[in-house]
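Please work from the sequences and hints to get the whole structure.
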Amino acid sequence: MSADSDQGRERQESPGLYVESTVIMTTVRVIAPFVLTFGLFIMFHGADTPGGGFQGGVVAGAVVMMLAFAYGIDTTRDWADARLVALLGALGVLTFVAIGLGSIALGGVFLEYPLYPIKKASKYGMELVELGIGAIVASIAVGLFFLLAAGFGHAMDEPEGDES
Amino acid sequence: MIDLLLTRYNYYATMLLLGIGLYMLIESENLVKKVIGMNIFQTGIFLFFISLAYVDGASAPIVGKDVEAGAHVSPLPHVLILTAIVVGVALTAVALALIIRIYAEYGTLNESTIEELNHD
Amino acid sequence: MIEHAPVLLVVAPIVAAALPIVASMLTDRAGWPIAVLGLGIHTALAGWLLVHVHTEGVVTTVLAGFEAPYGIELAVDGLSAVVVALIGVTSFGLLAYARRAQPRSNAFYAQYLLLVAGLTGMTVTGDVFNLYVFLEITGLAAYGLVATGREGSSAVAALKYLLLGTIGASLYLLGVGYLLAATGTLNMADLAEKIPEMAGYDSTLIVTAFGLIAGGLAVKVALFPVHTWQPDAYSRSPDTVSALISALVSTVSAYALARLMLSVFTVEFFDAVPLAQWGLLAVASISIVAGSALAVSQSDVQRMLAYSSVSQFGLVVAGFAIATPLAVVGATVHLIGHAIMKGGLFAATGIVRRKTGATTVSEYAGLGSRVPLGAGGFAVLAVAMVGVPPAVGFVGKWYIVIGAVEAEMWPVVAVVLASTLLTLAYFARLIERLYFAEAEPTEADQPLADGSGEVSLGMKGVVVAAVILAVGLAVAVPVYEPTLTETLPQLL
Numbered sequence: 013m014s015a016d017s018d019q020g021r022e023r024q025e026s027p028g029l030y031v032e033s034t035v036i037m038t039t040v041r042v043i044a045p046f047v048l049t050f051g052l053f054i055m056f057h058g059a060d061t062p063g064g065g066f067q068g069g070v071v072a073g074a075v076v077m078m079l080a081f082a083y084g085i086d087t088t089r090d091w092a093d094a095r096l097v098a099l100l101g102a103l104g105v106l107t108f109v110a111i112g113l114g115s116i117a118l119g120g121v122f123l124e125y126p127l128y129p130i131k132k133a134s135k136y137g138m139e140l141v142e143l144g145i146g147a148i149v150a151s152i153a154v155g156l157f158f159l160l161a162a163g164f165g166h167a168m169d170e171p172e173g174d175e176s
Numbered sequence: 703m704i705d706l707l708l709t710r711y712n713y714y715a716t717m718l719l720l721g722i723g724l725y726m727l728i729e730s731e732n733l734v735k736k737v738i739g740m741n742i743f744q745t746g747i748f749l750f751f752i753s754l755a756y757v758d759g760a761s762a763p764i765v766g767k768d769v770e771a772g773a774h775v776s777p778l779p780h781v782l783i784l785t786a787i788v789v790g791v792a793l794t795a796v797a798l799a800l801i802i803r804i805y806a807e808y809g810t811l812n813e814s815t816i817e818e819l820n821h822d
Numbered sequence: 027m028i029e030h031a032p033v034l035l036v037v038a039p040i041v042a043a044a045l046p047i048v049a050s051m052l053t054d055r056a057g058w059p060i061a062v063l064g065l066g067i068h069t070a071l072a073g074w075l076l077v078h079v080h081t082e083g084v085v086t087t088v089l090a091g092f093e094a095p096y097g098i099e100l101a102v103d104g105l106s107a108v109v110v111a112l113i114g115v116t117s118f119g120l121l122a123y124a125r126r127a128q129p130r131s132n133a134f135y136a137q138y139l140l141l142v143a144g145l146t147g148m149t150v151t152g153d154v155f156n157l158y159v160f161l162e163i164t165g166l167a168a169y170g171l172v173a174t175g176r177e178g179s180s181a182v183a184a185l186k187y188l189l190l191g192t193i194g195a196s197l198y199l200l201g202v203g204y205l206l207a208a209t210g211t212l213n214m215a216d217l218a219e220k221i222p223e224m225a226g227y228d229s230t231l232i233v234t235a236f237g238l239i240a241g242g243l244a245v246k247v248a249l250f251p252v253h254t255w256q257p258d259a260y261s262r263s264p265d266t267v268s269a270l271i272s273a274l275v276s277t278v279s280a281y282a283l284a285r286l287m288l289s290v291f292t293v294e295f296f297d298a299v300p301l302a303q304w305g306l307l308a309v310a311s312i313s314i315v316a317g318s319a320l321a322v323s324q325s326d327v328q329r330m331l332a333y334s335s336v337s338q339f340g341l342v343v344a345g346f347a348i349a350t351p352l353a354v355v356g357a358t359v360h361l362i363g364h365a366i367m368k369g370g371l372f373a374a375t376g377i378v379r380r381k382t383g384a385t386t387v388s389e390y391a392g393l394g395s396r397v398p399l400g401a402g403g404f405a406v407l408a409v410a411m412v413g414v415p416p417a418v419g420f421v422g423k424w425y426i427v428i429g430a431v432e433a434e435m436w437p438v439v440a441v442v443l444a445s446t447l448l449t450l451a452y453f454a455r456l457i458e459r460l461y462f463a464e465a466e467p468t469e470a471d472q473p474l475a476d477g478s479g480e481v482s483l484g485m486k487g488v489v490v491a492a493v494i495l496a497v498g499l500a501v502a503v504p505v506y507e508p509t510l511t512e513t514l515p516q517l518l
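Protein chains in written order, with this note's numbering: chain A, 13 to 176; chain B, 703 to 822; chain C, 27 to 518.
Honestly, the hints are just simulated from the structure, not real lab data. Ideal Cβ placement from N, Cα and C applies to all residues, glycine included. Certain hints may be false.
Claimed, not checked - Restraint-style ranges between C-beta atoms, simulated for each label pair:
id: 1; chain 1: A; residue 1: Thr87; chain 2: C; residue 2: Leu52; range: 20 to 30 Å
id: 2; chain 1: A; residue 1: Val42; chain 2: B; residue 2: His774; range: 34 to 44 Å
id: 3; chain 1: C; residue 1: Ala207; chain 2: B; residue 2: Tyr725; range: 24 to 34 Å
id: 4; chain 1: C; residue 1: Val490; chain 2: A; residue 2: Lys135; range: 54 to 64 Å
id: 5; chain 1: C; residue 1: Glu219; chain 2: B; residue 2: Tyr756; range: 20 to 30 Å
Claimed, not checked - Which chain B residues stay away from chain A? Per the calculated CB distances, all over 12 Å, these:
id: 6; residue: Leu706
id: 7; residue: Thr745
id: 8; residue: Ala771
id: 9; residue: Leu778
In structure tokens, the structure reads:
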């Protein structure tokens with residue numbers, strides 16, 4: 013499977029998939045950093061106010077989707093390397109588990125935040141866990157977006173339905 | 703009787719969504735419509751949970767600088783539904799990925815055609 | 027120290043599931059060693075937990091230090107401990123099978139480990155919503171595993187499983203919502219106290235909640251008539267996946283149903299609302315008969331085994347629904363025994379298919395001499411499933427029958443005895459074909475052309491181990507019986 017034949021097939025079968033539009037490109041270029049900041053804001057504020065890892069992760073993943081719509085899905089897929097995205101997700105899982113197991117090592121039960129020797133450990137522990145969850149959700153949203161958008165070419169090569 | 707009809711409209715909405723979702727799931731021939739029906743079914747359940755949490759005249763369950771005394775809307779069902787929504791999104795994603803693969807293999811998304819092709 | 031064991035049992039497979047994805051930056055073959063390591067730790071912890079529960083009683087722990095009923099509590103008693111041990115041993119043992127069998131990518135092993143994590147979580151949890159979350163995790167991993175087959179029909183089978191399984195899990199969630207509305211708590215032990223206090227056993231709310239929960243879990247256990255996802259899912263997935271899913275997924279769902287029936291709704295609910303008990307017994311009995319009847323008419327061996335599962339799980343649910351101590355012991359023994367026998371049967375059919383390409387009953391003719399280990403293992407396990415003493419299949423059925431006789435539920439006794447004859451009907455036909463029919467000299471006995479026709483030592487070892495366990499576990503039942511009756515509080 014070469015990128016050329018995939019692109020050729022894509023342009024043949026679904027010409028509506030990428031439309032070059034100056035308005036969209038300019039808007040996305042201006043908005044994307046703010047959306048990412050907003051996503052992180054939601055992730056950080058999960059403990060006290062509406063928000064948290066799930067919602068923030070989806071917004072952060074939506075940034076990559078916006079870029080894909082503005083600049084073309086294949087270009088964005090090459091830029092956001094699939095293995096890097098999977099690594100981000102796995103690191104999110106390991107962060108959560110490390111925080112949980114750390115409190116067992118310090119003598120308490122799983123995920124008992126107050127045992128950590130920092131001030132306001134409960135608040136910071138929860139925020140770090142929310143960041144981990146946000147990373148997982150963002151990586152899954154981006155990964156699934158590329159898997160679904162790839163359509164037929166990808167589907168013939170990878171028989172697995174989902175990665176995690 | 704009228705009182706029952708007028709004040710419990712959230713339960714009617716829930717049952718309506720559950721019924722529509724289940725009907726779409728069973729009756730449509732197109733696989734994507736079945737997945738949409740599954741989503742609507744789950745949305746009905748979410749609506750049921752969230753409307754359970756509401757307390758008449760209560761304030762939002764947000765911890766601010768000064769916590770007002772008085773009734774707060776219960777945040778527990780909200781948290782449960784957040785998790786359930788994420789589960790629903792993951793299921794929809796897996797279902798759509800499977801549908802793409804089915805389309806690549808069979809060339810059609812019509813359920814009865816696929817059954818015939820399978821039994822050949 | 028032991029109170030960390032339930033948490034570590036769930037965390038170890040999750041960590042092990044994330045590692046192949048990290049390792050896929052370097053290599054695509056790292057899945058199997060990581061799975062062996064992770065599941066080895068898991069099995070060791072499960073064994074330690076089982077021994078501890080046997081000697082010292084129930085193990086409970088809370089997550090994050092938030093006390094129950096505000097936090098999430100994990101509780102392991104005699105019933106959970108033996109199911110966790112089953113999960114550990116089966117999933118670890120099937121890794122020996124999976125080493126040579128087909129999907130070998132990192133993603134496959136990540137899903138395998140996620141399935142084990144979900145199953146363990148379902149077993150050790152003491153909170154009804156936590157059960158829903160792990161039920162969905164198990165389901166997602168199972169749908170992904172079924173879809174790893176090569177042909178397009180695997181994807182169709184996985185989609186059908188997904189749609190039906192989601193309906194089941196959503197009905198369960200609705201039932202949990204009704205329970206939350208009635209009592210305001212989600213902790214199982216707390217619910218058992220609050221239900222009679224706050225709503226009463228015979229209020230419409232609680233009866234509806236029971237109906238929804240039982241209906242939702244019945245879809246996952248694959249009782250008749252909501253079993254239709256099972257034959258496709260079992261016959262169209264790769265051999266390792268069929269063995270794993272048939273042995274574990276419906277088993278743990280039946281365990282969840284039993285846990286909710288016995289520890290949340292309790293025997294008093296059945297006394298107060300006899301309609302609920304009779305309704306469940308009716309569904310279970312219909313499953314027993316319909317499953318066997320449908321199995322007799324199948325020509326594909328794996329579909330026949332799937333319908334046989336429908337019948338056997340009807341037996342298990344009937345045992346739990348009778349709710350006397352002997353019947354519950356019998357149902358548990360049959361649950362564990364059936365898991366081992368069914369997993370072994372699917373492993374044996376996998377070996378036969380690899381060596382000769384035979385998948386239907388007529389193609390199985392005369393294979394007793396060509397595939398001695400596969401056919402022999404199949405025959406012994408089939409006979410054990412019918413219920414010939416001293417195999418574990420006999421012990422389970424015997425206890426259930428005695429429990430039903432004690433409770434004077436004569437229709438159930440008749441159905442259970444009839445089920446033995448029906449099981450004999452479809453298995454005897456196959457065994458007769460294997461050994462007493464002439465081998466047909468057809469083209470159906472080519473080994474598979476894509477190089478996967480070799481049968482490794484690991485595969486044979488798995489079948490032999492299943493046979494030994496199926497016969498040998500019957501000895502362990504008297505040792506286990508006091509653990510169950512003493513730690514399941516509602517039976518005291």
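Going down the list of hints, with the structure as the test:
Separated by about 26 Å at the C-beta atoms, Thr87 of chain A and Leu52 of chain C satisfy the suggested range of 20 to 30 Å. In this structure, Val42 of chain A and His774 of chain B meet the distance hint of 34 to 44 Å, their C-beta atoms being roughly 39 Å apart. In this structure, Ala207 of chain C and Tyr725 of chain B meet the distance hint of 24 to 34 Å, their C-beta atoms being roughly 25 Å apart. Range check, Val490 of chain C to Lys135 of chain A: Cβ separation about 56 Å, and the 54 to 64 Å hint holds.
For the pair Glu219 of chain C and Tyr756 of chain B, the beta carbons lie near 26 Å from each other, so the given range of 20 to 30 Å is met. Under the 12 Å C-beta cut-off, the non-interface status given to Leu706 of chain B relative to chain A holds; the minimum distance is some 33 Å. Interface exclusion of Thr745 of chain B from chain A stands, the closest Cβ pair being 17 Å apart, more than 12 Å. Listed as a non-interface residue, Ala771 of chain B keeps its Cβ farther than 12 Å from every Cβ of chain A; the least gap is roughly 18 Å.
Its beta-carbon lying about 14 Å from the closest one in chain A, Leu778 of chain B satisfies the requirement of being farther than 12 Å from that chain.
The structure shown violates none of the earlier numbered hints.
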